[in-house]
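Residue numbers (my numbering), protein chains in the order written: chain B, 78 to 500; chain E, 2 to 135.
The set of hints was computed from the structure by calculation and includes no laboratory data. Don't take every hint at face value.
[Claimed, not checked] So, partial list: chain E residues that the calculated Cβ filter (under 7 Å) puts toward chain B:
#	residue
1	Gly59
2	Gly63
3	Val104
Cβ coordinates follow ideal geometry from the N, Cα and C atoms, glycine included.
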Amino acid sequence: MSGTLVSRPAPASDYEALIEFLYLTPVGILKFRPDGTVAMANPAAAQLLMPLAGDGDLADIYRLFSRVAPDLRGRVERFRAPAGQICDQMQLPVPGTGTVLTLGINKIDPDTLMAVVQDISRAIEQENRIRDDQQRFRAIFENVRDYAIFTVGMDGRVEEWNRSLNRLGGWEAADVAGKPIGVFFPPGEASQQCGAALLGRACRHGTAEFEGWGVRKDGSTFWGNTVATALPDREGRASGYVLVTRDLTERKQMEDRLVVLATTDPLTGARNRRAGEARLQEEFLRWQRYGRVFTVLMIDCDHFKAINDTWGHDAGDDVLVALVRICHETLREADVTIRWGGEEFLVLLPETGREAALAVADRLRVAIGAAKVQRDGQVIAATVSVGVAEAGEADRGADDAVRRVDQALYRAKRSGRNRVVAG
Amino acid sequence: MDTTYAKAGTLAAPFALAAPGLFDWLETASAADLDTLPFGLVAMRPDGTVERYNLAEGSLSGLTPERVVGRNFFTSVAPCTNNFMVAHRFETEPEIDAVVDYVFTFRLAPLKVRLRLLRRPDARWMYLAVEKRD
């Protein structure tokens, strides 16, 4: 038995190991008496407290903490219980250094106190950075113009109102907080699907974009662009979305105006030839693929040269403007009037067969003939000849239909003008 | 010729921490020579690895050379020196001969010490000398 005792490691080496353990402890530990006398301190404590001491004197803990915790002595003295925790993780910013220490003191018995000191500057700095980021982010949220930025939960509901939503759509907190994002889309099933579809795509791809109509609180619509970005949680799964919406109404209006400018004949307001050909091509493909019949009319102003010569070119222009106006008034919305040449207009009648087209053509002919274009107090008598051609099996392209309608028009002219001839 | 101390290995060591010829003496001193010094002395490679840890230093700290030699002094032996006053100077100044007042907590009791930091670009090792002060 005594042999085992003898064979134990030398106590000196145990002691050395213990000393080393305390030397390397990264937390400051001090043992002190109620009067403040430091009895023991590990190197980490010395390292943390030396800057407080100034002169490097660690003998008195109250003196050490006099700048950062002036009432420490009072706190210890007021703690009447024979033992217990006096303070725990008390945060002590060191003036002028950016350092923040924590101090914990335990009373072991009436003569013995233990203190733990840690430097939490880095954690505090991190916390501050996060708080700064949040504030910055909030400032962006609230103050961006022309954009609304808001977050949406996985359930597709708006998480929180902010001022940017008010700017964009006049929304108040009660209108949107906790509401499905459908509130931002116009009523109707198709529009209402847009929000959910956008979030679905963002969930799958990380980010998704939508451009289309949005709605304001007052029910008015705006053309907007919305980018949705999925916010990953710690495991990388989507935990919600941030949506950025921009009001592009002005841009959309500008684009629409440009489209009109690019596709319209400036004099008459009819479709220009280029845009008209494209539209005709579309219609022909539809006929080929789905058998949806259409008919074209070719309208030509009779004796137009004589009108110009007699009344002047402005009068000729007036006649053409009146012609197109009558077409627009007489035809359906889906029908297209195209300025094909100088005084020649092609009218496309989708979903219309030969017989119905003939009736339409004659109605136009009569209406135009009855129009009273005035010039110098006199009425200009203008008539039109109209060719009619229905898309047919033999047509290999829209051009073939146009060729046939040209021929029909030619026959109408040849047979005396002011009439309708079907090809 | 400096007569306050003799050549290492032949006679007595320089007895004062601040002695002007200390560095030269240390460069040729053996481990046994270092043990004759009346103050603590740590010899380190430029990266801080301990090469020598003399008797006086061991009796101050309670650590033996066996435990200390081969380890990084600033991070694994005396982390309380791993700061701008000691470790940072050794890391950034190619040549130092400076005396610094400091507090060590040898055996967990705060102890005011005087340090001498010695480093030269051409030297075998860099040295930290430690003695008690009032």
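So, going through the hints one by one against the coordinates:
1. Gly59: violated, 9 Å
2. Gly63: holds, 4 Å
3. Val104: Status holds, d = 5 Å.
Hint 1 from the list above is the single one not met by this structure.
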